[in-house]
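Peer 1: Given only the sequences and the hints, what does the whole structure look like? Please build it.
Listed in order, the protein sequences are those of chains L and G.
Residue 1 is where the first sequence starts when you use the working numbering, and the numbers rise one by one after that.
Residue 1 is where the second sequence starts when you use the working numbering, and the numbers rise one by one after that.
Simulated from the structure, these hints should not be mistaken for laboratory data.
Which residues of chain L face chain G? A few of them, derived with a C-beta cut under 8 angstroms, are: (1) Gly43; (2) Leu44; (3) Leu46; (4) Lys49; (5) Phe106.
As the structure is a computational prediction, the values presented were derived from the model and not from experiment.
Glycine included, C-beta positions come from ideal geometry on N, C-alpha and C.
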Amino acid sequence: GNSVTQMEGPVTLSEEAFLTINCTYTATGYPSLFWYVQYPGEGLQLLLKATKADDKGSNKGFEATYRKETTSFHLEKGSVQVSDSAVYFCALRRPELTGTASKLTFGTGTRLQVTL
Amino acid sequence: DVKVTQSSRYLVKRTGEKVFLECVQDMDHENMFWYRQDPGLGLRLIYFSYDVKMKEKGDIPEGYSVSREKKERFSLILESASTNQTSMYLCASTRVDQPQHFGDGTRLSIL
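Peer 2: Below, the structure written as structure tokens:
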């Protein structure tokens, strides 16, 4: 079946440090891949996405590249800020073209804490 | 901007009560979803609906039911609440092949 594995947190970094949050997946076919972010007390927001191999999604200084050969979609940011403190979820969407095509499979989430 | 509104941010109920969680979206999306979020488990899909009056079980439907009488509204029902249903509940909606949009969540405590 489909699954998403994320590195366990929490990840604690100083402001301006480099961030990597690992995400690997198992899926048949060619899924679409997503990173969602959840700020304290809020629901999930889409951060970035990639729909095919070698695509790079980017937003707010975050980037992730869809690597089919390693089945990975690692999240990176060159210089984190305190305001980036949140929980980050990696997710995949199966490629079936049916009415249920929008179902997502989520990882367990990685909490990021950025300190001054 | 898409708006997904969950009726309550916090809710406290007693064991055995019938509990209704409401979700409304304003973008005419076909698909709507209910998840629960628990520490270390991520988001798990309870039920989803791809059209009015249409529903399918997700990964953990036991103890829950849903209702979708109108396209914009998707209700989650706990038939007889139990303490192991204490959790954060998240509603989402989407058009086919588009990213899901989430509400702010309802933190439900069952005493």
